[in-house]
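Undergrad: For the sequence shown, position 99 matches number 99 in my numbering, and the numbering has no gaps at all.
None of these hints come from the bench; they were simulated from the model.
Don't be surprised by glycine CBs; every beta carbon is placed ideally from N, CA and C.
It is possible that part of the hints are untrue.
[To be verified] Distance ranges between label pairs, derived from CB positions:
(1) Gly-362 to Ala-166: 37 to 43 Å
(2) Ser-327 to Ala-94: 55 to 61 Å
(3) Lys-16 to Gln-50: 22 to 28 Å
(4) Asp-333 to Ala-170: 22 to 28 Å
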Amino acid sequence: MRLLARASATCRHVVKVLGVSVLGGGGGAEEMALVMRRYPRSLKQHLDTQPDGKLGPGEVLLLAQDLLRGLAELHGLGIVMADLKPDNVLLDEAGAPLLCDFGIAHAVSTTTGYTATSTSGTFNYMAPEQFHMGSRITPQCDMWALGATLLHLLTGRPPWFGCNMAQIFATVGMQRTAPDIPASGLPPPLLGLLQACLRPEPSARPSAKAALEVMVAELKNALSRPPQPPQLSRAEDGQAGNLSGPAAEPPRATPPPPAPALSRAERQRLSEDLLQACRDGDSARVEQVLRQGLDPNCVNDRQQDGHTPLHVAASKGHAEAVRALLSAGANKDAVVPNGLTPLHMAASNGHMEVLRALLAVGANKEAVDMYGQTPLHTAAVYDHVEAVRALLRESANKEATDTYGQTPLHFAAMYDHVEAVRALLGATANKEAADMFKATAPVSSGNAEAGRAAS
1 MRLLARASAT CRHVVKVLGV SVLGGGGGAE EMALVMRRYP RSLKQHLDTQ
51 PDGKLGPGEV LLLAQDLLRG LAELHGLGIV MADLKPDNVL LDEAGAPLLC
101 DFGIAHAVST TTGYTATSTS GTFNYMAPEQ FHMGSRITPQ CDMWALGATL
151 LHLLTGRPPW FGCNMAQIFA TVGMQRTAPD IPASGLPPPL LGLLQACLRP
201 EPSARPSAKA ALEVMVAELK NALSRPPQPP QLSRAEDGQA GNLSGPAAEP
251 PRATPPPPAP ALSRAERQRL SEDLLQACRD GDSARVEQVL RQGLDPNCVN
301 DRQQDGHTPL HVAASKGHAE AVRALLSAGA NKDAVVPNGL TPLHMAASNG
351 HMEVLRALLA VGANKEAVDM YGQTPLHTAA VYDHVEAVRA LLRESANKEA
401 TDTYGQTPLH FAAMYDHVEA VRALLGATAN KEAADMFKAT APVSSGNAEA
451 GRAAS
């Protein structure tokens with residue numbers, strides 16, 4: 001109670017304690033209870049009201065910043081919460097999260113921690129070191145629990161859902177395995193935070209203060225980036241090149257007559273036909289649609305992800321459709337709003353024939369997505385070892401770093417992809433390269449074999 005009162009008096013992101021009440025008496029045992037202001041609901045209750053039981057990445061990103069502020073305040077006072085989870089976070093009327101339930105919190109030295117005399121916490125959110133009596137419990141335990149809590153918010157389930165306590169103890173406490181992190185669809189600051197919090201070694205996890213500083217700096221950097229200029233279609237690019245006047249030399253041959261202009265309705269119908277042909281891998285249909293005058297780089301008005309036909313064919317692994325599009329002038333390096341190119345699509349799905357077709361026409365091996373990741377990063381994340389090897393043979397940059405300074409070797413080690421680790425090391429990838437949180441690939445690994453391979 002003294003811990004909570006101390007935190008309540010000085011921390012903005014901790015529940016406010018109004019006093020203490022004595023319950024019972026009259027011959028029975030007396031109990032002391034905290035009197036707090038009333039809050040509308042817990043974070044877990046808020047989660048339960050969502051249609052699919054989870055929150056969007058944008059909302060989780062905002063919550064993560066406030067939770068980091070709360071942990072930084074507590075740790076600054078020398079307090080380890082030791083049981084952070086959605087049930088132990090209350091939301092005020094504005095939806096701001098406040099840390100609560102310090103039933104097992106401890107006052108500690110923020111450098112040395114305290115010695116665990118029993119297993120304490122909730123298994124699904126506990127760091128590997130919390131499972132062992134005699135280990136040092138430090139603020140880094142709260143950082144692991146923060147990562148586990150954010151995963152619960154994103155997926156709608158706590159880590160290790162469906163596993164019993166013995167299975168979680170074996171997986172996390174003994175094997176020191178981290179839960180799976182979504183490999184795509186997360187804002188870079190959120191992805192980086194999850195990866196940093198869920199490192200098996202406590203010393204490899206950042207402090208709450210350092211993690212907050214990195215996140216705020218990355219968000220400011222993202223906001224300050226100038227918007228990317230829109231890509232010109234093949235036809236628009238030709239028109240832009242003629243703005244300066246007639247060409248210096250007359251054409252060498254009489255150009256074919258221009259295709260009749262398509263109406264918007266015709267363009268919409270043909271683009272839908274083209275996308276469906278790309279999904280089906282019907283290269284003959286692709287060629288037939290393009291002969292009707294449709295731009296191969298068109299983006300259908302209903303295609304919310306902004307994918308071009310080449311992105312669609314590459315993601316599905318239809319090499320003949322990819323070649324037909326490339327022959328018709330499709331932009332091999334077209335970029336969609338999340339920064340992915342067709343080569344990223346081929347690498348992330350392990351479609352080797354498509355990957356080779358794109359590399360054969362000079363697709364950009366160093367293109368980066370919104371997370372700063374190259375196709376080699378993507379192949380390493382998804383453990384497509386042949387794609388990793390093919391990109392390395394084409395001299396892809398094995399030391400390329402993403403937003404958080406992580407190389408393809410970091411990702412291969414982090415996700416325990418042993419063969420990918422060996423392929424990268426065979427190409428002399430630097431195993432001593434450290435990311436923004438000063439972790440090298442061996443430290444990032446939660447798997448003994450992957451860690452040994454990267455050492």
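Undergrad: Indicate, hint by hint, whether the structure satisfies it.
TA: Comparing the hints with the structure gives:
For Gly-362 and Ala-166, the hinted distance range of 37 to 43 Å is not satisfied, since their beta carbons lie about 54 Å from each other. Hint check: Ser-327 to Ala-94, Cβ distance near 56 Å, so the stated range 55 to 61 Å holds. Here the CB-CB span from Lys-16 to Gln-50 is close to 27 Å, well matched to the stated 22 to 28 Å. The given range of 22 to 28 Å is broken by Asp-333 and Ala-170, whose C-beta atoms sit roughly 46 Å from each other.
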